[in-house]
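Trainee: Take a look at the letters that make up each chain.
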Amino acid sequence: MDIILLALLDGIAYAALLFLVAVGLTLIFGVLGILNIAHGSLYAIGAYVTATIGTWLVANGYNPWLTFPALIVSAILVGVILGGLIERLLLSRIYTKEPILQLLITFAVFMILENLQRMIWGVQPYFLDTPLTLLGNVSLAGVNYTLYQVAFLPLAAIAVLVFLRYFLRHTTMGAQILAVTEDREAASSIGINATWVYFVTFVIGASFAALGGALATPTTSLVTGMGANMIVLSFAVAATAGLGQIEGAAVSALMIGIARSFAVYLAPEIEVVMPYLIMVLVLLVRPNGLFGKETVRKI
Amino acid sequence: MNTQRYLKGALVAAAMLFANSATAQEKPAEIRIGITTYTSGAASVFGVPARAAAEMLAENLNARGGIEGVPVKISFIDEGAGLETVLTEYRRQVEDVGADIMFGSVSSGVCNKIAPLAEDLEVINFMWDCGTQRILEDDDYDYVFRTQANATQETLAPLAYLLKYKPDFKTIAVVNQDYAFGRDSWEIFLTALKTQRPDVEVVAELFPAFGAADFSAEVSRLQALKPDVILSMSWGGDLDTFVRQAQQRGLFEQSTFIFGLGESSVERLGATLPEGVIIGGRGDHYFRHPEQINNPDFVKFNEDFKAKTGSYPIYSVYHMVQAFAALEAVYAKAIAENGGEWPEKDQIAEAMNGLEFQGFGRPLVVREDNQAIEAQLIGVTTSSSEFPFKVLKDIAIYDGADLIAPVGENSIEWISQFEAGKLAEINPTTFD
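So the protein sequences, as listed, match chains A and B.
Per the working numbering, residue 1 is the first one in the first sequence, and the count goes up by one each step.
Per the working numbering, residue 1 is the first one in the second sequence, and the count goes up by one each step.
Do not rely on the hints blindly, as some may be mistaken.
To be verified - Computed footprint of chain A on chain B; a stretch qualifies when at least three of its residues, placed anywhere within it, have a C-beta under 8 Å from a C-beta of chain A: (1) 41-53; (2) 170-177; (3) 221-234.
What the hints assert, rightly or not - Residues of chain A clear of chain B, computed beta-carbon distances all greater than 12 Å: (4) LEU6; (5) GLY142; (6) VAL223; (7) MET230.
Just so you know, the hints here were simulated from the structure itself, not pulled from any lab data.
Backbone N, C-alpha and C define an ideal beta-carbon position, used for all residues, glycine too.
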């Protein structure tokens, strides 16, 4: 019984981080139709910027609780500035091009940003654990957990999910995004600025990637290559759910997070492959993912 | 008669001159050295400091007049670029650039591929940092040498320390990265443990993904299992993350930890790393090496390195020092054996056998199987008023010869024949 409780707690915390990154990836794919490999870099840079700002705040004697708003500020900064630049300067020029070209360009951006991280932050691991320390620990089933992981991260993921649902279904901008997603040409013909909708969507998706990185900062060491690991995992989550499925991403993140956690307890030798095992099994049964729908070719 | 003696003498002199000119090589304008190291990817935590060290060492060597007046010229290959790229670039360095010596590499996976390539290209290769013992145990090489210890010595030393100084344990768990060294080092450790302490129960064998950002489930499981000892041969960001997550959740308070490669993380972890953790230096490497601390060259090198990079040297840096020391030593030996003339490649390779050299640790010697014997330093973390991070106390330095399989023997087979008590009976040199 304890094993089930412990595995669930660990799995949910892990799933929360996975969801935060994967939801941005799936949102961008759902609306723009682009599989953004540079999403992993936005995650990593979000983490590095958070660590830099947080470390500066603490080192200069500011209230350490300011590191919490710093998590969100960093994510928005990275999403708006870096995400905005990527969308305007590169992606906006290739929306009508072949998917393989889009993939190659976002991969090139990923490689450039990986080098940029190394130039700015070097190769030694960074960390900032102030937010985690401030919240303290809680003992559950005889095991110490950090409140940050078992409470803050899942709540943050739920908040993002609720925000996205509300934003897409109850705001004008959300309605415009859904309209453009359905049919860009038709949406444009009724006066919706599709170029602006694409920009906003990409910035939101990029901000979620950066938020995932920012929220991971207190628990992990920031190292070169962390973006590559996360893009592979978040792709597994998005593919399992069905690309473009936001609620589905939450469900598949939970499935993968909890399954990986149980593997650590019951079959540690397959822990590493568990996310991909689930993805393969799901795609064998449902080729469009758990929540994906078959699409009809228009021509 | 005099004429005959004169002719004989002339013939002998001509023969000697001919023979000498056949082995004498014209002194080159420079010695070109190609170095494979990680300047990107997770292992750049080792590769980048080692690259900085190589630049310093080459500069210092050239400032001293190079090797017998010949300067060295170094160039680098990024191991992080992927195996195929590394092999292509390695071949280009040798065939097109004309590298005289290659230093390769950090990764055991890369070394596995580079060793046969170096042999094909007939270029002398120093395996300056990779650990796998299999390369020189499974095959014979004429041009491939290792200027440091292998995984067998590096893994047995922490176990020997544990058995001798903290033998009161009944259960153990391992958390290693899921890649070749993580698996191989555990096989070595476990094989030896079974011969020394068959009563000890292994309660968990955890191999999280290489580069994992989250060890929550591993930490929870270890908290539930409460093993007496937790071993990890992980390194870099993976080890740092594991230490932070374990420390945040109080895991260090219930188990004795061994980090076999921990020396490279001590400065970075600062106050996060608790006291009482057993740390290995992958060789006798430590910036406060008790037998080198009064060596002015050692002190100056450490200060210069700190000024250049902002950090104290770690074991990969000292491995690079050893590679350069071996380079100087082998040229000196080969030149002496060649009557003062510049040696040919094969003469340098021959001089590697039995070569003695010294970096910033104890002297090393290269065996006939091309493997160097290197001492091993193990210590326990303690707080320091001098540094904002933990330092080592209760240091023990093991003679590498006690921890390495004899020439021609397979490490695992050799270890499996250990008599009970063998490792605990080894007496290292100890320091407070």
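Trainee: All the hints need checking, so say for each whether the structure fits it.
Mentor: Hints and how they fare:
Beta-carbon proximity to chain A at under 8 Å applies to 6 residues in the segment 41-53 of chain B; the threshold of 3 is reached and the given coverage holds. Residues of the segment 170-177 of chain B lying with their CB closer than 8 Å to a CB of chain A number 0, which falls below the three-residue condition for coverage. A count of 3 residues in the segment 221-234 of chain B with a Cβ less than 8 Å from any Cβ of chain A is obtained; the coverage claim is therefore met, three being the minimum. Here LEU6 (chain A) does not stay apart from chain B, with its beta-carbon only about 5 Å from theirs, under the 12 Å limit.
Not every C-beta of chain B lies more than 12 Å from that of GLY142 (chain A), the closest at about 7 Å, which undercuts listing it as non-interface. Against chain B, the non-interface label of VAL223 (chain A) is violated: not every CB pair exceeds 12 Å, the least being about 3 Å. Some Cβ of chain B comes within 12 Å of the Cβ of MET230 (chain A); the nearest lies about 7 Å off, and the non-interface call is violated.
Figure legend: structure checked against the earlier numbered hints; hints not met, in rising order: 2, 4, 5, 6 and 7.
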